[in-house]
Amino acid sequence: MKKIEAIIRPERFEKVKEELERRGFVSMTVAEVRGRGEQKGITLQFRGRAIEVDLLHKIKIEIVAKDEEVDEIVEAIVSAARTGKYGDGKIFVIPVERVIRIRTGEETQ
Amino acid sequence: MEPNGWILTSAALVMLMVPGLALFYAGMVRRKNAVNMIMLSLVSYVIVSLQWVLFGYSLSFGDGSDFIGFPSPMPEDLFAFYQLTFAAITLAIITSAAAERMKFSSFVLFGLLWTTFVYDPFAKWLWGNGWLAKLGALDFAGGAVVHISSGFGALALALALGNRAGYGEHDIKAHNVPMTLLGAGLLWFGWFGFNGGSSLAVNETAVRAVIVTNTAAATGALVWLLISLRSGRVGSLAFVTGAIAGLASITPAAGFVTIWQSIVIGVVAGVLCYYAMVYRVKKKIDESLDAWAIHGVGGAIGMLMLGIFNGKFIPQLVAVTVTIIYAFAVTYIIAKVVDVVTGLRVSEEEEYVGLDISQHGEEAYS
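Top to bottom, those sequences are chains A and B.
Take the position in the first sequence, starting the count at 1, then add 709; the result is the number in the numbering used here.
199 is the number that the numbering used here gives to position 205 of the second sequence; each next residue is one higher, with no gaps.
Watch out, some of these pointers could steer you wrong.
Unchecked claim - Which chain B residues stay away from chain A? Per the calculated CB distances, all over 12 Å, these:
{"hint": "1", "residue": "Leu107"}
{"hint": "2", "residue": "His164"}
{"hint": "3", "residue": "Ile166"}
{"hint": "4", "residue": "Phe233"}
{"hint": "5", "residue": "Ile302"}
{"hint": "6", "residue": "Glu357"}
What the hints assert, rightly or not - Each computed SDA-like pair below joins lysine to any residue, with the alpha-carbon atoms no more than 25 Å apart:
{"hint": "7", "chain 1": "A", "residue 1": "Lys724", "chain 2": "B", "residue 2": "Val272"}
{"hint": "8", "chain 1": "A", "residue 1": "Lys794", "chain 2": "B", "residue 2": "Ala159"}
{"hint": "9", "chain 1": "A", "residue 1": "Lys799", "chain 2": "A", "residue 2": "Glu815"}
The set of hints was computed from the structure by calculation and includes no laboratory data.
Glycine included, C-beta positions come from ideal geometry on N, C-alpha and C.
The following block holds chain B by itself, in its conformation from the complex (with noise of 0.2 Å):
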């Protein structure tokens, strides 16, 4: 069947993330950094969609030696903005470990070399019949290329950049949880088109891969649900981050399980991303909105047990530990040459009156 019209639409739905995620992030943050927490994951999609007309997708999917021409089942136009839409989504997880803390101008220049030197090198390499795709390792709609690659690569930007002022010593709490519930539930509204779309076409797969997506994503909030239980209430924020979770976890997977293997991911991937939650606080690294424990450990965790359950687990381990090695250290390279020309982090003052005003002269409330 012709999946101009899904893919399109698919396409519509990965940008309606990035919105998403600004409000997921922007609630979790003080209000006096709301805005700029909104506009970094805007600026995101806007780095990126002009870095990847003008050579990201070349990089990713182009003719030439190694970058052998993806069998492209649609208009070239129409595949390249589908994945467009992903490169900037995960450019705009990053802002994760940038929260309340990093030059605007800064983030720009590094996103524009992130993105060209981390995403896509991974795009070509798993997507782009590049040389992890040829060992065999298998990455539906982004596990590694997307997740593990933004989680990892948030957690080296966090230990760059260094933690917010007086993180530790008094808390930091989510200004507005509303937003980042609606927030979340506009992530999980858009993931349809993300791993839905990604069969890149109207058939049996991407139907499985919409309905273990729901599953995996239902049953990671029940898990961190149960979880919050712990303390006697019933947290919002852990309920949605769950499933933010199981929605990061069965991405690498979504095309190729069944609802049952979903269920099983997002059970493991809701008990296995709190506990990395746990271990980056008890270690004090100011990962600030957790991008590296959800969608960092969650894609490995997805992608290990596609490895599993198609027993096929030497490629997926391969693809997550160069994947892992790779954008950690690729990122921190990234970031010190920018602290080098740009400087990484305002001032201790700018940092104190907000990053609203200190960078943008708004308010998000006056």
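If we strip away everything but chain A, and leave its shape as in the complex, we get (with noise of 0.2 Å):
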């Protein structure tokens, strides 16, 4: 079993969200997340200033799949998340040593 964390535009998570759905993966969790890249955030002219805008907003959607299934929603996920611009985030994928469902207590490998 494999995590997969992608943190998006917060705009793009319709998207993303119809996009995995339409390949049938349903379940995940999301979170209103802040975060800064590689670009440290976003630096604006404003009125001879400049403003550091460094944590920006974004969505982070956890899944959990089997291995097999990784490869294809981190594929729709790229495709729904990416508008070619910084910002568009990242996908980790994480091994994941145990998964228990709380309602029957058994645990799935």
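Once you've looked at the hints, go ahead and assemble the two chains, each given alone in its own frame, into the complex.
In structure tokens:
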């Protein structure tokens, strides 16, 4: 099992959700987060003075999936979240050791 | 009876419509633009507050060859202040088109020019015994002066500005629905001063204006509620938008119609304003918060239905046509002039980060 953590632009979230659903991936956990990447946020020029906008609003999507599903999920997120500009985000794929369903207590691999 | 106390109260009620509209609009934009949306309404009030006392009132109601003195039934300061609040809320309505993309400094310049070259002439023509009034056109509390002018002005500004980045590609959802509902409630409350005070007296006309205003608003709200049921749910944003459509439409007719006629106005306005909104969305015009569909179309409906009810349709038709053409054309020219002088839009990056930080260095929610 793997956990896919995708940090994306808030305005692309609906498209990403739709694309994942279209391919049959419904489950996800979503959080509103703030962060910065290599560009260190954005510097705005406002009437001669610079304003550093350090931490930008983003959406974090977490999905736990079977190993063989990971590539398709990643592809779905990339295709729906990409604008081609700085700030499109990143996807992290992390190994998952155990998954337990709380309702039944069953453990799935 | 002495009208002064009622008009002073009405002026305060109309002033409350400005923060009411600010909340109404701010709830419908994204959270990164909430402060800016509120500020646009508040700065509209401030721009007009000064413009009006310096020269706006004189342009609209002052003495002069063609500016025939208005027979003020009260101290002139009081009448001038009451009218100031009308001019201010009118400019604030246009900020619908500026949502989430217009430079704040440019809006200040635009607002000053718009009030001077669009609002003041209409106030003069319809209320200052100007040529449309002499033609027989009636506009009780501002169907043409306030609502058509700001609604079609907003359409022109939206076209001059262009759509928001990503408009039509992804959902731009209301970030705070309760804020919008509260704003609508304040608008409705303030409207009693807007229409009720416009008789400029404490008499039966004032009372009638208040009750038909309330009736048309309730009717408009119910009509939109029924329309929203087509999606299987009762839409709260639709509900209050319908109320505003009813309020905008009854405004020109408030002192002249019966309660039954106000229900008819509420129904017609509810249906037609809804389809105007659908048409705008279909045409992919980002007149973001629907000042055109609600105030522009609603004001025109009210003006024309008043003409039907009182049997004097032609002067109303002339007033509506003139207001639409003049407000749209002059607003578009003003927007283009401001674009050349200061630029209308924020940069792409500023729009992405949001206008709260880029224009004000502040955030609505930290």
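Exercise. Which numbered conditions among the earlier hints are violated in the structure presented, ordered from lowest to highest?
Worked result: Violated hints: 2, 3, 6, 9; rest satisfied.
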